[in-house]
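Keeping their order, the protein sequence lines are chains A and B.
Under this note's numbering, the first residue of the first sequence is numbered 1, with each subsequent residue one higher.
Under this note's numbering, the first residue of the second sequence is numbered 1, with each subsequent residue one higher.
By construction, these hints were calculated from the structure, which means they are not laboratory data.
Among the clues, some could well be false.
[Claimed, not checked] 25 Å max Cα-Cα, derived DSS-like pairs, lysine-lysine:
hint	chain 1	residue 1	chain 2	residue 2
1	B	279	A	145
2	A	108	B	17
3	A	20	B	108
[Unchecked claim] Taking CB as the label site, the calculated pair distances span:
hint	chain 1	residue 1	chain 2	residue 2	range
4	B	347	A	65	43 to 49 Å
5	A	204	B	78	53 to 59 Å
6	B	292	A	45	55 to 61 Å
7	A	45	B	11	41 to 47 Å
8	A	68	B	285	19 to 25 Å
9	B	343	A	68	46 to 52 Å
10	A	18	B	203	55 to 61 Å
11	A	340	B	265	50 to 56 Å
12	A	301	B	258	43 to 49 Å
13	B	339	A	204	57 to 63 Å
14	B	15	A	308	50 to 56 Å
15	B	350	A	180	56 to 62 Å
16	A	9	B	10	31 to 37 Å
Where is the CB? At the ideal position from N, CA and C, for every residue including glycine.
Chain residues, written in single-letter form:
There are 2 protein chains.
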Amino acid sequence: MIGLKTYGCANLIESLKGKKPFFICTTATTATCKIPKISGAGASTDLMVYTPAGDAEIMVFGELLCCDVPPQTISDGFSAPTPAIITKGVIELTNIPFLIANAGLEIKPNVPYISINNEPGGDVRTGNAVNNPEKIFKNAKVIAKEISKSCDYLVIGESIPAGTTTALGVLTALGYDAIFKMSGSRPENPHELKREVVYEGISKSNIKIGNFSSFDAVRTVGDPMIPAVAGMVVGSKMPVILAGGTQMVAVCAFIKKLGIDFDFSRICLGTTTYVVRDKTADLIDLISQVDEIAVNVVDPCFEKSENEGLRNYLKGFVKEGAGAGGAILTALLLGYSIEDIRKKIEEVLERI
Amino acid sequence: MIGLKTYGCANLIESLKGKKPFFICTTATTATCKIPKISGAGASTDLMVYTPAGDAEIMVFGELLCCDVPPQTISDGFSAPTPAIITKGVIELTNIPFLIANAGLEIKPNVPYISINNEPGGDVRTGNAVNNPEKIFKNAKVIAKEISKSCDYLVIGESIPAGTTTALGVLTALGYDAIFKMSGSRPENPHELKREVVYEGISKSNIKIGNFSSFDAVRTVGDPMIPAVAGMVVGSKMPVILAGGTQMVAVCAFIKKLGIDFDFSRICLGTTTYVVRDKTADLIDLISQVDEIAVNVVDPCFEKSENEGLRNYLKGFVKEGAGAGGAILTALLLGYSIEDIRKKIEEVLERI
């Protein structure tokens with residue numbers, strides 16, 4: 001398909017062409033996003049916790065209700081719009097079923113949603129990042145089990161600021177070589193800061209790196225999104241596209257460490273070329289450390305856009321989020337052209 | 001079909017045979033259920049607010065988590081189990097997709113659910129029964145719009161104690177002749193008490209009976225379930241089976257009064273013979289006051305059961321709730337026999 005490049009086996013993605021998806025965007029926040037300079041997923045440090053709620057409102061109702069400033073990434077005087085705009089464009093274009101899941105939000109969106117967990121995550125530096133990962137996992141399994149009965153595949157995205165830091169926490173605790181390989185939403189990737197806060201959190205526990213269970217890793221230095229998405233993947237009766245970049249590697253690693261009988265060939269990643277091209281990260285290496293999981297990379301060619309904010313994605317702004325890459329992938333699978341997808345995204349951006 | 005009798009046009013229900021349902025049980029509570037003797041939907045007045053949460057836990061996980069005493073109806077030393085057992089039996093037998101919706105619960109269940117509204121209803125006597133019916137309606141529309149994209153029809157049940165009183169409130173405010181026609185969960189139907197509390201609530205408003213809008217009726221003397229289910233009906237792209245008795249008449253009346261372009265031939269009621277046979281109520285007359293809406297009545301023949309609690313349904317205990325009648329109807333539409341359905345219900349009751 002024009003606009004798609006697959007790393008790894010393309011069998012799964014080929015089998016999903018023309019099939020019926022159900023898209024779930026999993027939202028959560030942690031106190032980790034309040035650490036200055038750690039995330040770019042919001043207009044300011046104070047506004048980070050509003051990003052998932054704002055994203056949800058944009059995607060469901062097409063308008064921001066929880067605050068005045070739209071989610072965006074700002075750096076050096078430039079800015080780029082939240083990737084929720086991309087997902088919204090795809091939803092409008094394709095009319096696919098779409099729901100928000102709350103995996104633990106400090107600020108609740110003014111939209112209906114699937115409630116998996118009501119408690120936001122803590123600051124990874126405390127070593128008490130998530131109180132109830134087992135419950136989140138159990139609840140998420142139920143949701144995906146039920147919804148997957150009525151579709152051919154699930155597409156699961158995420159919106160959680162500082163999510164690459166908490167994903168780094170989980171990957172590191174589980175023994176992966178992930179430092180300097182996680183992506184980020186700003187052109188400059190604060191790897192040292194991410195590493196520092198993750199190690200501070202891990203040092204608060206009595207468990208050695210590599211000896212953590214999946215749940216202990218999340219409990220200590222993770223976030224609520226990871227057990228939620230992992231639960232949905234395990235609970236789903238149908239194939240799953242994990243709509244995201246390096247954060248979804250943490251989800252795969254979480255599942256791997258559970259030690260359950262799980263067939264990784266029924267899941268794949270769907271993300272944007274901006275994540276894969278990110279010179280400050282290494283998605284393809286990270287996923288290969290976990291298992292043979294295909295990575296489907298879409299290129300919406302924002303260099304062709306007249307919108308400066310979208311063009312800034314090429315400069316390392318945003319890159320991914322709110323399931324944007326997987327949303328574009330889903331539209332491609334349904335037969336829409338990458339040109340039509342980009343035009344719809346531009347139209348939504350003009351309007352919202 | 002054996003076990004089914006249709007009052008009104010059978011075209012819709014015939015067209016749903018063998019099609020793919022999605023079942024949503026809509027839960028809510030109001031302070032109205034704390035009025036002594038008003039409801040039988042719980043083991044005691046204090047336990048009424050736990051009934052929807054307990055029902056949800058039974059239906060989703062098959063075990064009670066929120067309290068120690070299972071939801072049940074007790075009268076004169078006899079008791080009958082919650083109708084959630086019936087719905088659970090059908091879910092296990094048919095494996096249909098099933099989710100709980102929270103339309104406003106005081107006690108939250110320990111299950112994942114669709115969050116439509118987080119605020120329980122007040123006491124109808126105050127004339128301030130529901131704070132935000134417009135928001136509930138709007139949110140519910142979104143949920144049904146999305147979920148109905150992935151199924152052939154929706155089945156929507158309810159679990160809300162004292163729900164016939166609040167439904168009476170809405171019907172009365174909208175100008176219907178409903179007093180002495182609402183069903184109830186005990187053999188003795190406290191019509192005088194229901195009427196009294198509804199009139200007390202209506203008297204607190206400045207609006208005359210018959211002059212209420214749908215939203216004002218709910219706001220004054222209704223409950224959160226009514227705008228939630230009405231919103232789902234209006235939002236759904238697919239036909240809807242309203243799984244309930246006289247309370248669902250209030251949902252239909254709410255929709256009617258909205259004055260929108262709505263085709264009532266794409267919805268119908270699905271309930272139990274115990275509601276229709278209820279000599280203290282008149283479902284068929286009530287629904288005919290609203291519009292031409294078919295009522296599909298199932299008879300699970302609990303007289304054949306060895307379980308005394310189920311046999312007590314014939315004595316006027318419980319009758320309906322948690323979408324039980326619609327659940328049985330759905331199983332019949334999927335080709336299961338009424339004998340197999342009853343046996344599965346008995347098995348679930350033994351186990352839980």
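Structure-based check of each hint:
1. B:279 - A:145: Not OK: residue 279 of chain B and residue 145 of chain A at ~41 Å, beyond 25 Å, violated.
2. A:108 - B:17: Status violated; Cα separation ~40 Å.
3. A:20 - B:108: Judged against 25 Å, a Cα distance of about 32 Å means the pair is violated.
4. B:347 - A:65: 43 to 49 Å: 47 Å, holds
5. A:204 - B:78: 53 to 59 Å: 57 Å, holds
6. B:292 - A:45: 55 to 61 Å: 59 Å, holds
7. A:45 - B:11: 41 to 47 Å: Cβ of residue 45 of chain A to Cβ of residue 11 of chain B: about 60 Å, so the range 41 to 47 Å is violated.
8. A:68 - B:285: 19 to 25 Å: This hint is violated: roughly 53 Å between Cβ atoms.
9. B:343 - A:68: 46 to 52 Å: At 59 Å between Cβs, range violated.
10. A:18 - B:203: 55 to 61 Å: 60 Å, holds
11. A:340 - B:265: 50 to 56 Å: 37 Å, violated
12. A:301 - B:258: 43 to 49 Å: 45 Å, holds
13. B:339 - A:204: 57 to 63 Å: Roughly 60 Å apart at Cβ, these two residues keep to the hinted range, so it holds.
14. B:15 - A:308: 50 to 56 Å: Hint holds: Cβ distance 52 Å, inside 50 to 56 Å.
15. B:350 - A:180: 56 to 62 Å: About 58 Å separates the Cβ atoms of residue 350 of chain B and residue 180 of chain A, which means 56 to 62 Å holds.
16. A:9 - B:10: 31 to 37 Å: Violated: the Cβ-Cβ distance is about 50 Å, outside 31 to 37 Å.
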